[in-house]
Structure formats: structure tokens, C-alpha cells
Amino acid sequence: NAGVIQTPRHKVTGKGQEATLWCEPISGHSAVFWYRQTIVQGLEFLTYFRNQAPIDDSGMPKERFSAQMPNQSHSTLKIQSTQPQDSAVYLCASRGQGANYAEQFFGPGTRLTVL
Amino acid sequence: QQKVQQSPESLIVPEGGMASLNCTFSDRNSQYFWWYRQHSGEGPKALMSIFSNGDKKEGRFTAHLNKASLYVSLHIKDSQPSDSALYFCAVTSRNMGYKLTFGTGTSLLVDP
Numbered sequence: 017n018a019g020v021i022q023t024p025r026h027k028v029t030g031k032g033q034e035a036t037l038w039c040e041p042i043s044g045h046s047a048v049f050w051y052r053q054t055i056v057q058g059l060e061f062l063t064y065f066r067n068q069a070p071i072d073d074s075g076m077p078k079e080r081f082s083a084q085m086p087n088q089s090h091s092t093l094k095i096q097s098t099q100p101q102d103s104a105v106y107l108c109a110s111r112g113q114g115a116n117y118a119e120q121f122f123g124p125g126t127r128l129t130v131l
Numbered sequence: 017q018q019k020v021q022q023s024p025e026s027l028i029v030p031e032g033g034m035a036s037l038n039c040t041f042s043d044r045n046s047q048y049f050w051w052y053r054q055h056s057g058e059g060p061k062a063l064m065s066i067f068s069n070g071d072k073k074e075g076r077f078t079a080h081l082n083k084a085s086l087y088v089s090l091h092i093k094d095s096q097p098s099d100s101a102l103y104f105c106a107v108t109s110r111n112m113g114y115k116l117t118f119g120t121g122t123s124l125l126v127d128p
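One line per chain: the protein sequences are U and R, in this order.
Take 17 as the starting number for the first sequence in the working numbering and just add one per residue.
Take 17 as the starting number for the second sequence in the working numbering and just add one per residue.
Isolated chain U (complex conformation):
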């Protein structure tokens, strides 16, 4: 079991460019979560899919951020027109078929730096 895979591990973009982050959940897991981690804000929930359907995007900045889960094997987080304040570690987590409060398994994260 390779765990949750996130690519790339590091991404540097210029201000105004687009960034797409990829997440491959653990095989068989039904839920995928995206979080953002910064020194100032800590770990913040962004969005959540269950069985590929969007369930909760209450943490997503309404402009410029979007997430998709086109199939059960991957999810993407896209940031358009990146800004320096988007610099953060973006973490993806997946959860198995059991209880909704069950353990979430995190990937290593993608460190996004916006210059």
C-alpha cells in the first residue's frame, strides 16, 4: 500500500499563473479531503468528496480555487491566477468505507510557492 500520493511535491509559480495539484487516494477509499497548511493559519479544511461527489466545499476560497474528482483514483485542486498568499502546503487525505468519523490518511503534501 503506497499510501496517499500527491504530485508534485514542490511547485513554484509566478504571480498570476495557474497551479494544478494532484492527489491519488488509497485504493478502495471512498472519501477524499483537501486541506491547506500555513504557519499563520495552521491546518485548514478546504473541500471534501465522497464517492467522487462533492460534499462540502465550505473552506474553499470562492474565487480562483476549484477541485474535482473525475474518477475514484484521483482528485485535483486547481488554483487560477495564483497569489503570494496562496503559498502553503496543500494536503490531501483519504478515508475508507467505514464510519464517517474514521481515520483520515494524509499524503505528504504539495508545497506551493508563489513568487
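By construction, these hints were calculated from the structure, which means they are not laboratory data.
Being a predicted model, the structure only gives us computed values, none of them experimental.
Hints are not guaranteed to be accurate.
[To be verified] Stretches of chain R that chain U covers, calculated by requiring three or more beta carbons in the stretch to come under 8 Å of a beta carbon on chain U:
hint	stretch
1	37–50
2	53–59
3	78–85
4	114–122
[Stated by the list, open to error] Some chain R residues well away from chain U (every beta-carbon gap over 12 Å; in silico):
hint	residue
5	VAL20
6	PRO24
7	GLU31
8	ASN69
9	GLY70
10	ASP71
11	LYS72
12	GLY75
13	ASP94
14	ASP99
15	SER100
16	ALA106
17	ASP127
18	PRO128
The beta carbon of each residue, even a glycine, is placed where N, CA and C say it ideally should be.
Knowing the structure of chain U, use the given hints to seat chain R on it.
Frame of chain U; chain R shown alone:
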């Protein structure tokens, strides 16, 4: 909105010592509590969960929950240098849609 605060922000304990981490939360409807540990350059990894009031022990780790006092804690016995990491408490509930709200974190350094 749920607020989860942790103390202390940072902690240094000698190897073999006891580390005590504290977490308070604001939503009385909170149901499920997790402790996650994050080593540098890695994603958080679940250490243990606690869902009922009282103590729960798993090896060197003991979690304590008091929902009425809005308080959860983690105690690490016989701390090892490999325990040096960031520790987060995380809270969820049905009315939060089962998404995790993380605490502010405690940085633990175990001094060999």
C-alpha cells in the same frame, strides 16, 4: 464556528520523560477526537482517537477526554527522540459534516 486551541505551543522534555499536551474546543456538539502527529516534511498521521469521556491508553500514549469541560489531552510516557514532531488535536462531529477541525498545534522536542 468551532475553535480548537492547543497548549503549550512548544514543549521540550528529556528523553524518558512525560510530555503532556492540552486541547480545548468550543463546540459542545463535538463528538469525535483525534490526535495526529506530523514529522517534518511529512503529512499528519493519526496517533489515536477518543470518542468517550475518560482515559484511553495505547502503548506509551494516553488520551483523556472531558466533553463537559470541552477538553482533551494527550500524555506521552517515556518520550523518545523519535516523538519529536508537531502534534495536532482534531475534532469532528456529524453536524460538522465529519470534516476535521485541527487545533493550533504543539511542537514537541525530546532532548536526548
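Structure-based check of each hint:
1. 37–50: It holds: at least three residues are needed, and the stretch 37–50 of chain R offers 3 whose Cβ sits within less than 8 Å of chain U.
2. 53–59: holds (count 3)
3. 78–85: violated (count 0)
4. 114–122: holds (count 8)
5. VAL20: For R:VAL20, whose nearest Cβ neighbour in chain U is about 9 Å away, the distance does not exceed 12 Å, so it is violated.
6. PRO24: About 15 Å separates R:PRO24 from the closest Cβ of chain U, which puts it past 12 Å; holds.
7. GLU31: holds (27 Å)
8. ASN69: holds (16 Å)
9. GLY70: holds (18 Å)
10. ASP71: R:ASP71 is indeed farther than 12 Å from all Cβ atoms of chain U, at 20 Å.
11. LYS72: holds (15 Å)
12. GLY75: holds (17 Å)
13. ASP94: holds (24 Å)
14. ASP99: Given that every Cβ of chain U is farther than 12 Å from that of R:ASP99, nearest at about 18 Å, it holds.
15. SER100: holds (18 Å)
16. ALA106: Given a closest Cβ separation of 8 Å, the condition is violated.
17. ASP127: At about 23 Å from chain U, R:ASP127 clears the 12 Å cut-off, so the statement holds.
18. PRO128: The claim stands: R:PRO128 keeps its Cβ more than 12 Å from every Cβ of chain U (closest is about 26 Å).
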